[in-house]
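Going down the list, the sequences are from chains A and B. Residue numbers in the first sequence follow our numbering, run continuously in steps of one, and reach 261 at the last position. Residue numbers in the second sequence follow our numbering, run continuously in steps of one, and reach 425 at the last position.
A couple of the hints might just be wrong.
When the alpha-carbon atoms are kept at most 27 Å apart in a straight line, the in silico DSS-like pairs for lysine-lysine are as follows [stated by the list, open to error]: (1) Lys151/A x Lys126/A; (2) Lys152/A x Lys359/B; (3) Lys152/A x Lys127/A; (4) Lys193/A x Lys152/A; (5) Lys90/A x Lys126/A; (6) Lys151/A x Lys359/B.
Computed footprint of chain B on chain A; a stretch qualifies when at least three of its residues, placed anywhere within it, have a C-beta under 8 Å from a C-beta of chain B [unchecked claim]: (7) 90–104; (8) 119–125.
Calculated from the structure, these hints are not laboratory results. Virtual Cβ for every residue (Gly too), placed ideally from N, Cα, C.
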Amino acid sequence: MTNLDEFPREDEAGTGIKPPAAVEIIGLNKWYGAYHALHDIDLRVVTGERIVICGPSGSGKSTLIRCINRLERHDQGSISVGGLELTDDPKRVQATRREIGMVFQNFNLFPHMTILENCVVAPMSVKKIARAQAEELARSFLARVRIPEQAKKYPGQLSGGQQQRAAIARALCMSPRIMLFDEPTSALDPEIIKEVLDTMIALANDGMTMLCVTHEMGFARQIADRVIFMDHGRIVETAAPANFFANPQQVRTRQFLNQILR
Amino acid sequence: MQFDVAVILDNWQPLADGFARTIGICTVSLPIGFILGVALALLRLHGGLVFATFAAAYVELLRNIPFLTQVFLLYFVLPEFGLRLSPLVVGFIALSAYASAYAAEIVRGAILSVPAGQTEAGYALGLGYATILRRILLPQVLGYILPTSTNLAIGLIKESAVLSVITVPELTYEAQDIIGRTFSPVEIFTIIALLYWGLTALVSTLTKWLEIHLQPYLTARRTG
């Protein structure tokens with residue numbers, strides 16, 4: 000329950016005024032039956048902040064970010080996105096999801112639609128943007144993730160890295176304020192990971208608020224404002240990357256880093 | 202044994218009429234059955250306890266009673282309760298109901314076999330379930346159901362012959378009528394067997410064509 004004290008970025012100037020929270024999670028608990036998946040999670044993410052969440056499998060890191068856009072329903076505590084608390088109200092849930100883009104481990108592109116169609120379906124259906132305008136937007140984002148020439152192809156015709164970049168473009172087409180990445184490079188070949196990470200780094204440099212579940216520690220070092228280590232459904236340690244890697248405070252964090260950094 | 206082609210040629214008109222009615226009955230019943238089937242599948246998946254149980258019971262009932270018995274129930278038992286339907290109407294209802302029960306299971310299985318990530322990606326983009334169903338799930342479901350639907354369409358065409366017992370003037374009924382007049386079962390049963398086979402073969406070919414042309418993404422290959 001001490002997590003709130005550990006946020007180094009907050010109120011650094013000592014003005015007493017907190018910056019607006021992009022995501023505010025207080026006292027979050029989630030169970031799958033008897034299994035306690037998330038345990039008293041407190042997390043405040045300010046606008047523009049880049050968070051990397053790591054931890055062993057089953058530690059609850061994916062569940063945590065999936066609670067933020069309500070792909071998982073939390074049992075206790077509160078989650079607010081842009082000041083709006085997530086409840087069961089479907090309108091609130093949809094309003095929140097509109098502000099949040101998500102990138103999945105398995106891309107989850109719609110296989111029966113071309114890449115362009117994947118990108119325009121939500122802007123047209125949810126935001127009621129005209130097709131011509133939606134396509135123009137989509138092409139600009141496809142150019143930004145450097146696959147403009149793939150617009151008319153089906154996902155199955157693209158490499159894994161291209162598919163993941165298309166999925167990032169699809170999420171960006173909704174102009175989200177926050178991007179969630181759920182192990183975006185775990186399904187990719189090592190030599191392809193870099194092209195996806197480069198896309199994510201470019202996004203971070205543009206000031207996007209990002210929560211990334213990933214084990215790419217080089218990426219964490221390069222762009223994260225904070226690294227969060229989770230284990231058994233709890234946040235074990237939160238630190239700026241320099242401290243996190245050089246001077247982990249918790250034994251469990253040191254064990255984990257010894258396992259993955261070699 | 203003789204095979205007298207003249208019998209077939211002399212009776213081409215009732216044979217053609219019967220064949221046309223068989224095609225007509227099946228062409229109407231199959232789409233109705235499929236629309237009902239999609240509705241039943243959705244009720245079973247998302248209808249809540251009451252509607253899901255109703256849909257499950259409906260499917261079980263129709264699949265577990267022989268088609269001939271269902272036809273008899275509609276034609277001979279319903280009038281006892283004051284509802285007298287013409288043979289043709291009974292035929293349409295019975296075949297549509299038969300198709301709907303099988304279609305419900307085909308569609309339900311297909312919806313369940315679309316990976317959960319597809320629905321999640323739709324939700325994450327802010328889409329509602331109705332849009333996810335229409336734009337994301339059902340188009341992919343089409344790919345899963347086309348091959349199994351071919352079986353259903355073929356089954357339906359074959360079961361339609363059963364309607365001859367309640368005097369629906371379809372191909373088998375007309376054949377029996379001709380045999381009654383000409384005493385030539387060899388020629389007539391042979392020709393209707395060929396006609397049924399030709400029709401079902403046509404359906405198989407058509408759905409194979411549909412599989413390719415409705416689903417360009419399944420045949421599109423990596424081009425680099």
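Problem - Satisfaction of hint between lysine 359/B and lysine 152/A, Cα-Cα up to 27 Å - result: violated, 41 Å
Handout entry: Pair hint outcome, lysine 151/A versus lysine 126/A [Cα-Cα no greater than 27 Å]
Key = holds, 22 Å
Practice task
Count residues of the region 119–125 of chain A with a Cβ under 8 Å from any Cβ of chain B, then say if the count reaches three.
Solution key: Satisfied; 4 residues make the cut.
Exercise for the section: Assess, step by step, whether the Cα of lysine 193/A is no farther than 27 Å from the Cα of lysine 152/A, and give holds or violated. Expected result: Holds, at roughly 23 Å.
Practice task
Establish whether the coverage given for the region 90–104 of chain A by chain B is satisfied; the threshold is a Cβ-Cβ distance below 8 Å, and no fewer than three residues must meet it.
Solution key: holds (count 7)
Handout entry: 27 Å Cα cutoff - pair lysine 152/A, lysine 127/A
Key = holds, 24 Å
Practice task
Would you mind confirming whether the straight-line C-alpha gap from lysine 90/A to lysine 126/A stays at or under 27 Å?
Solution key: OK: lysine 90/A and lysine 126/A at ~14 Å, within 27 Å.
Exercise for the section: Take a quick look at whether lysine 151/A and lysine 359/B sit within 27 Å of each other, Cα to Cα. Expected result: violated, 43 Å
Against the hints set out earlier in the document, violations occur for numbers 2, 6.
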